[in-house]
Amino acid sequence: MFDGETACLIEMQSISKAFGSSRVLRDVTLRLRPGSVHALMGENGAGKSTLMKILAGVHRSDEGRILKDGNPLHLPSPREALAAGISTVFQELSLLPNLTIAENMFLGREPLLRGGGLDRKRMRAETVAALAELDLRLDPDQLVSTLTIAERQFVEIAHGIKADASVLILDEPTAALNAADVEVLNRSIRRLRAEGRAIVYISHRMDEIFSICDEVTVLKDGQYVGTRAIRDVTPDGLIAMMVGRELSDLFPARAASLGKPVLELSGFRTTPKARAFDLTLHQGEILGLAGLEGQGQQRIMRALIGRHTPAGGTLRLHGQALKFPSAARGIRAMARLGLGFVPEDRKEEGLMLGLSVAANLVIGLHAEKPAFTPARSLKAVVQRMTDALHIKTASPTTPVASLSGGNQQKVLLGRYLAREVKVLVIEEPTRGVDIGAKSEIYGLLRDFAQAGGAVLVTSRETVELIGLCDRLAVVHGDTVMTELPANQATEHSILAAALTVEGGAA
Amino acid sequence: MTQWFKSGFSARRSRQGLWGVPMVIAVVLAVVLAFGTDQFATRENLFNLIAQAMPLLIAAIGQLFVILVGGLDLSVGSVISFSTAILSLDGPAAVLIPAVFVLAGLVGLINGLVITRLNVHPIIATLAMQYILLGITRILRPVSGGTVPDIVIAAVQGSMLGVPLPLFWGLIAAGLAAKVLYGSRFGLHLFGIGGGVAAGMEEAARTYGIRVGRNIVLAYVACALFAALAGAFLAGRIVSGDPNVGLLFELDAITAAAIGGTQLSGGVGSLHGTVLGAIVLALLANGMNLANVSPFVQTAIKGGLLLAIVGLQSRKKMGL
Numbered sequence: 001m002f003d004g005e006t007a008c009l010i011e012m013q014s015i016s017k018a019f020g021s022s023r024v025l026r027d028v029t030l031r032l033r034p035g036s037v038h039a040l041m042g043e044n045g046a047g048k049s050t051l052m053k054i055l056a057g058v059h060r061s062d063e064g065r066i067l068k069d070g071n072p073l074h075l076p077s078p079r080e081a082l083a084a085g086i087s088t089v090f091q092e093l094s095l096l097p098n099l100t101i102a103e104n105m106f107l108g109r110e111p112l113l114r115g116g117g118l119d120r121k122r123m124r125a126e127t128v129a130a131l132a133e134l135d136l137r138l139d140p141d142q143l144v145s146t147l148t149i150a151e152r153q154f155v156e157i158a159h160g161i162k163a164d165a166s167v168l169i170l171d172e173p174t175a176a177l178n179a180a181d182v183e184v185l186n187r188s189i190r191r192l193r194a195e196g197r198a199i200v201y202i203s204h205r206m207d208e209i210f211s212i213c214d215e216v217t218v219l220k221d222g223q224y225v226g227t228r229a230i231r232d233v234t235p236d237g238l239i240a241m242m243v244g245r246e247l248s249d250l251f252p253a254r255a256a257s258l259g260k261p262v263l264e265l266s267g268f269r270t271t272p273k274a275r276a277f278d279l280t281l282h283q284g285e286i287l288g289l290a291g292l293e294g295q296g297q298q299r300i301m302r303a304l305i306g307r308h309t310p311a312g313g314t315l316r317l318h319g320q321a322l323k324f325p326s327a328a329r330g331i332r333a334m335a336r337l338g339l340g341f342v343p344e345d346r347k348e349e350g351l352m353l354g355l356s357v358a359a360n361l362v363i364g365l366h367a368e369k370p371a372f373t374p375a376r377s378l379k380a381v382v383q384r385m386t387d388a389l390h391i392k393t394a395s396p397t398t399p400v401a402s403l404s405g406g407n408q409q410k411v412l413l414g415r416y417l418a419r420e421v422k423v424l425v426i427e428e429p430t431r432g433v434d435i436g437a438k439s440e441i442y443g444l445l446r447d448f449a450q451a452g453g454a455v456l457v458t459s460r461e462t463v464e465l466i467g468l469c470d471r472l473a474v475v476h477g478d479t480v481m482t483e484l485p486a487n488q489a490t491e492h493s494i495l496a497a498a499l500t501v502e503g504g505a506a
Numbered sequence: 001m002t003q004w005f006k007s008g009f010s011a012r013r014s015r016q017g018l019w020g021v022p023m024v025i026a027v028v029l030a031v032v033l034a035f036g037t038d039q040f041a042t043r044e045n046l047f048n049l050i051a052q053a054m055p056l057l058i059a060a061i062g063q064l065f066v067i068l069v070g071g072l073d074l075s076v077g078s079v080i081s082f083s084t085a086i087l088s089l090d091g092p093a094a095v096l097i098p099a100v101f102v103l104a105g106l107v108g109l110i111n112g113l114v115i116t117r118l119n120v121h122p123i124i125a126t127l128a129m130q131y132i133l134l135g136i137t138r139i140l141r142p143v144s145g146g147t148v149p150d151i152v153i154a155a156v157q158g159s160m161l162g163v164p165l166p167l168f169w170g171l172i173a174a175g176l177a178a179k180v181l182y183g184s185r186f187g188l189h190l191f192g193i194g195g196g197v198a199a200g201m202e203e204a205a206r207t208y209g210i211r212v213g214r215n216i217v218l219a220y221v222a223c224a225l226f227a228a229l230a231g232a233f234l235a236g237r238i239v240s241g242d243p244n245v246g247l248l249f250e251l252d253a254i255t256a257a258a259i260g261g262t263q264l265s266g267g268v269g270s271l272h273g274t275v276l277g278a279i280v281l282a283l284l285a286n287g288m289n290l291a292n293v294s295p296f297v298q299t300a301i302k303g304g305l306l307l308a309i310v311g312l313q314s315r316k317k318m319g320l
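Taken in order, these protein sequences are the chains called Z and A.
First residue of the first sequence? That's 1 in the working numbering, and the numbers climb one at a time after it.
First residue of the second sequence? That's 1 in the working numbering, and the numbers climb one at a time after it.
Keep in mind that the hints were calculated from the coordinates and are not lab data.
Be aware that a few hints might be false.
The calculated label-pair distances, taken between Cβ atoms and stated as ranges, are [what the hints assert, rightly or not]:
| id | chain 1 | residue 1 | chain 2 | residue 2 | range |
| --- | --- | --- | --- | --- | --- |
| 1 | Z | D141 | A | A308 | 23 to 33 Å |
| 2 | A | L89 | Z | L355 | 47 to 57 Å |
| 3 | A | Q3 | Z | D232 | 49 to 59 Å |
| 4 | Z | L322 | A | V120 | 33 to 43 Å |
| 5 | Z | D141 | A | L171 | 23 to 33 Å |
Predicted, not measured: the structure shown is a model, and the values here were computed from it.
Yeah, the Cβ is synthetic: ideal placement off N, Cα and C, and Gly gets one too.
Take the sequences, apply the hints, and build the full model.
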C-alpha cells in the first residue's frame, strides 16, 4: 500500500456511474491520505458531487470499488458510510428547518438515557462545545429555520465534524461564508488535519484551495484528469486542467458593424429623483449595463418588462413608440413584440424546475396561443434547441432541476430563442455557471446578435461585461453616467466613470 | 415556561404549530357555556362530554403521528368500526382484546408498507384500506349487535373516586404518545422526516442515516393502534359491535389535529395542540346540542371553524 509517502486511508478505484443514459463518472480514481486536505476540482457538472455522494453512500457506483485501509467497503446507504467513519457536509443545505440546532447535530445518532429517552442535556452541551470550536455562540434550542444562511452553513460543518469520523467531505463549504468566516473554518480544517483525518475539500475559490489544501485531483466531464501536489501547480495550470483550453478563448469576437436602432429609451427617469438619460440598443449589438452592484441596472432592465414603473421617459421598439408595459401583462406583451427577458434568479423566476427540459423550452411558444389551444409537444423545436445550444440532458423529458447550472441557463435562453425574439434582456447570464458553460453562453449570445438580434445585459462580474459586450453604459444612482466602448474599458475606468461625476455633483 | 407559552401563538420559533388558538377557543367556549347555559356545568353533562370527546381525542392522537411525517390515514374510521365488530364476537375477553390490537397493528403495517414500498400516495393507500376493512367489518357484523366483554364496558362506563374512567383512557393515550413523540428517537425522527418533506428535501433525513421507510411504517402502525383504542372505547360505550360507528371518524381526527395547529405538510404539530383541537370539537358539539342547534348547521359550523383556524397559519408564516 505504500507508494513513497503515506498509506491511503480511502481509495476509490475505477468508479463509474451513469444516471439513465448520461454517464457522469467514468473510471475515476481518488486516493485520500490521513492527515491531508485533498481538493477536488472541476467545472460544474464534472462529477465532483456525484463522486462524493458515492463515497457518502447516497449514490451507488455502477463499477469500481472503495477501499478503506485496504479493505473493501460496501456503502448501500448513508448509514453504512457514517458507520465507516465517512462524514459529509453536502453542498446543498440539508439541515432540517423544523428541528433545533442540537437535534440536527445529533439526528440519527442521538445519545440515549438509560430509560431509552433522549439525553437532551448531553445533546445541548456537546452542541455548544462543537459550535464553540467554530467560534459560534448560538442557542442549541433554536430552530434551524431561524438561522441565517451563514449560521446554517457553520452548523452544517459542525455537524460534519464528528469525533469518530476519519474522513470528512466538505462540498463547497464556503459558498455562504465571508472571508473572516472562511478563516475560522480553515483553522478547524488544519486542526482536523493535524489529528490525522483525511479531508476532501470542494471549492471553486482558488485562493482557498492554495491556502488550505495539500493535494488536488481534477475531474473533467466525469473523467479523471490527474492528481497533483498543490506545491507543484499554479492557479492557471489548474484552470487549464479543468477546462482543457486557454482563458483567452473564453469570449467570442465583438460585432464588426451595427445595424439600426432597435430599442430606444429617451428622457428615461428610473425614479423621480434620478437624472434623465437616453439609451439606444442597436441591431447586432451587445450592450452592457455596468457599474457598482445595485445602482439601478436591474430597475432599468425591469422597466422594459413592466416589473418596475419608471418615473418618466419614452420607449421605442423597432422605431415604434410604446407605453411602458404594465406589471400585469408586461412580459407577455413585450414577448409578443419580440423582446425576451431572462431573469437573474433562474430557479425562482425563470425555470419551472419540476417540469421537463422540453416543457421549459417550448412554454414560451405555448404562451403565445389562447389558453385552450391544444399544446403540441413541438418535438422538432425541442430537438433543434437542444442541439443548437448543446444542452446536456439525459432526455427531453428529464426534469430541468436535475441539470447542471450551465445547462439550466441554456434551457432558459432556449425558451426565448425558440420564440425567435429580436431583443434579449438578460440579467446575470452566467450566474452559478462553470467556466466551460460560460464560454458557450457567451458564444450563443454573440451568435444571436450576429444573426440580427440585440442584447441588453447586466452582470456583477465586470470582467464578463468587458469581454462580452460591444458597448458599456455605466450606471450609477439610477442613471447612465457615461457610455464606453467595451474594448477600451477596464474595471478601473468603469469605476472611475461611475464615481467621479457623482463626486463632482456632490 | 412563558417562552413556551408564547410559542403557541407565534409559530415563528416553534415547530408545535399555533396551538394557542384552539386553547383560547376552548376556554372561551367553556366559559360561555358554563355561564350561558344551566345544563353545561352539571356533573351529568361533563361526564357525558368527556365520554363523547374521548374516542375522537384518541383517534386524533394517532392521526398526528402520520400527519407529522407528511402522511394521512383515511382508514381510521374503518379500523374503529372493525375493532367494535371484533370485540362483539363470541369469545373470551382475553382473546378478543389482544386480537383487536394485533389486527389493527397489522392494518397499520400494511398501510405503511404499501405507502413506502409500493410508493402509493397515502390518501389512496389508506382509502383502499378503508374500503377493504369496511367490507370485512360488514361481513363480520352486517348490522349493529352482539355483546362486548364486560371488562371493556366497565372500563368505559365506570368511575373511580368520582372521576369518570374515560378520562383515564385519554390520559393513558396522551401519556403514551407524549413519551413516544417527545421522549424517544422515533418521535424526533418523525419530526425530522416530516420537516424534510415539507421543506422539499425528502432525502435529507436519509442522509442523516435515519431509516425513513421503517419510521413511516411505524407511524402508520401507531395510528392504527390508537384507532383500535378509540374503537375499544366506543365498543364499551355502545355495548355492541357496529359497522358504521367509525364512519367519518378519520376526517374528524384530521380536523382536530389541524385545528390544533398540526400542519398537513408535515413536521409541524404538537400533542397538546391536537388534544386541544379534539376538545374544541367536543365542546362545540356539546354546546350546540345544549343550545338546540340543528345537527346540519353544526356540521357547517365545524367546517367554517376549520377553515378559519387553518387560514391563520399559512406555511410561509412558519418560516419553515
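How the hints compare with the structure:
1. Against the hinted window of 23 to 33 Å, the Cβ-Cβ separation of Z:D141 and A:A308 comes to about 32 Å, which satisfies the hint.
2. For A:L89 paired with Z:L355, a C-beta distance near 54 Å keeps the hint of 47 to 57 Å intact.
3. At roughly 57 Å, the beta-carbon separation of A:Q3 and Z:D232 lies within the given 49 to 59 Å, and the hint holds.
4. For the pair Z:L322 and A:V120, the supplied restraint of 33 to 43 Å is violated, since their beta-carbon distance comes to about 53 Å.
5. At roughly 28 Å, the beta-carbon separation of Z:D141 and A:L171 lies within the given 23 to 33 Å, and the hint holds.
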